[in-house]
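> From first to last, the protein sequence lines stand for chains X and H.
Each residue of the first sequence is one higher than the one before, starting from 0 at the first, in numbering that gives the first Met the number 0.
Each residue of the second sequence is one higher than the one before, starting from 0 at the first, in numbering that gives the first Met the number 0.
No lab work stands behind these hints: they were computed from the structure.
For each residue, glycine too, the CB sits at the ideal point set by N, CA and C.
Incorrect hints may appear among the rest.
The calculated label-pair distances, taken between Cβ atoms and stated as ranges, are [unchecked claim]: (1) X/A239 x H/L34: 36 to 44 Å; (2) X/P93 x H/K243: 15 to 23 Å; (3) X/I19 x H/F13: 51 to 59 Å; (4) H/P95 x X/M101: 43 to 51 Å; (5) H/A153 x X/M155: 53 to 61 Å; (6) H/K243 x X/V172: 31 to 39 Å; (7) H/M233 x X/P146: 36 to 44 Å.
One letter stands for each residue in the lines below.
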Amino acid sequence: MSRPEPAVARLAVIALLLGIWEVAARAFGNPLFICPPSRVVASFAALFRDADVVEAVYYTSFEILVAFVIAVVIGFALGLAVGLHRFTRGAMYPVILLLYAMPQVTILPLFVVVFGIGAVSKIAFGVSHGVFPMIMTVAAGAQSIEPILLRSARSMGANRMQVLRYVVFPHLVPSFFAGMRLAMTAVLLGVLVAELYVSQAGVGRFTSAFTQTFQPANLFALIGVLAALAITLNELCRRAELRFSRWCAG
Amino acid sequence: MNSRVTQRLVQAAFVASIALLWHFATASGRVAPLLLPPMPAVGHELSALAADADFWPDLRTTLFELVMAFLLAAAAGTAAGYAVSRTRYAVRTFEPLMAGMYAVPAILLFPLYVLFFGLGPGSKIAIGATIAFFPVALSTVTGLSGVNRLYLTAARSMGASSGQTFRLVMLPAALPAILAGLRIGANAAFMAILGAETIASFAGLGHRIVSMAESMDTAKMFANIVLAMSVAAMINIAVSAAEKRGWKHEQA
């Protein structure tokens with residue numbers, strides 16, 4: 000009864016961990032490698048007065064958004080093709096599963112060789128991560144449409160476009176948003192891994208610069224910003240999924 | 000029946016058309032061999048790789064990193080999952096915290112780990128273990144806290160001690176979820192280690208691929224990518240087989 004709410008206890012745990020980090024870093028940490036959280040917070044302001052860093056964060060966000068949009072569009076089209084037609088499913092699904100099961104990090108250098116070290120290779124790598132969860136989820140959603148709904152729409156004289164518009168798309172709304180959430184997680188991973196590998200104008204340039212010149216405060220701050228960006232984008236997709244999957248429960 | 004044959008034909012045609020496209024693009028000289036090496040060259044490098052077997056030290060490094068990372072994550076993940084699953088209050092406090100941290104791409108920590116642990120295997124083990132920890136811990140929590148209360152009450156009313164309840168009721172009931180978490184963790188750790196080796200390292204399969212790419216030896220790079228993918232496939236098969244055995248053991 001006297002226990003605080005779990006949310007409050009959670010915040011207390013986080014505060015406790017930050018406190019331990021602060022004390023441990025001050026007492027034992029080598030300032031070349033680690034720094035207390037108070038210094039990280041202090042370096043936020045200085046870091047974001049640097050126009051280059053701000054621009055790099057924008058640049059990376061741009062890569063993430065472009066990759067996400069491309070992955071969602073291609074993934075939706077392919078997922079529809081695979082989910083709706085038995086023939087394309089039989090023909091393409093095993094190929095897609097095989098591609099999905101490949102460890103994609105191994106071909107990251109190939110992406111850089113083909114697309115260069117600029118934004119294009121990051122976007123392409125992000126798309127290659129995000130497109131598969133989208134295909135899978137949309138295909139699964141399209142397969143779960145009851146055949147009787149399609150048949151009755153057709154028997155009442157709906158043409159192909161009308162069936163898509165009034166039966167298939169409304170049915171796909173929950174899986175579309177679920178796929179978007181999974182695609183966002185995957186795109187973030189793909190773009191950030193590619194950024195860390197080699198980067199010209201994105202955040203990867205600064206993460207490696209801060210590591211090589213032993214500036215832990217700046218590195219922590221930049222990683223904190225990227226983590227916050229990732230959490231925000233993931234959370235937006237999760238909220239959208241919750242909101243738009245509600246109609247089918249009712 | 001007939002459509003199944005045609006589907007197989009379409010698949011075969013898809014693979015064959017990619018191979019043909021590859022062959023003609025490189026044979027006609029339209030695509031520079033630097034971007035896409037001709038197929039025979041890759042085949043040649045692949046057989047050279049098998050003959051020399053100079054990939055062994057790198058393979059050993061990567062597998063060592065994977066095993067260490069997996070053991071760390073398995074031990075820490077199941078322990079943390081068990082500790083959290085003890086009370087409902089702890090589950091409600093810590094599970095959202097862990098799930099939230101799991102959603103952040105943990106590869107972001109890699110530059111920090113390079114700073115802490117250096118460019119050697121240490122930073123790869125750390126990143127692999129961090130990434131594998133969350134699925135293991137979360138599925139352990141799910142498995143242990145999802146045990147039907149009725150079974151626990153029944154076991155206790157029949158006089159089982161708390162040790163017996165854990166060993167004979169909770170563990171068997173939670174085992175499938177824990178095994179699934181371990182499988183996801185092993186795969187995630189392997190991807191993370193390959194990625195980390197690609198980003199910054201001295202040795203390992205990821206490092207091999209990068210050094211070939213940087214010396215513009217594309218045919219060799221393709222051969223090494225094939226090698227890394229077959230290792231990944233073998234790990235996948237081994238882990239799935241282990242998971243199936245665990246299931247059988249549980250049913251027996």
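> Look at each hint and say if it fits the structure.
Status of each hint after checking the structure:
no. : hint                        : result
1   : X/A239 x H/L34: 36 to 44 Å  : 39 Å, holds
2   : X/P93 x H/K243: 15 to 23 Å  : 21 Å, holds
3   : X/I19 x H/F13: 51 to 59 Å   : 55 Å, holds
4   : H/P95 x X/M101: 43 to 51 Å  : 33 Å, violated
5   : H/A153 x X/M155: 53 to 61 Å : 54 Å, holds
6   : H/K243 x X/V172: 31 to 39 Å : 36 Å, holds
7   : H/M233 x X/P146: 36 to 44 Å : 40 Å, holds
Checked against the numbered hints listed earlier, the structure breaks hint 4 alone; every other hint is satisfied.
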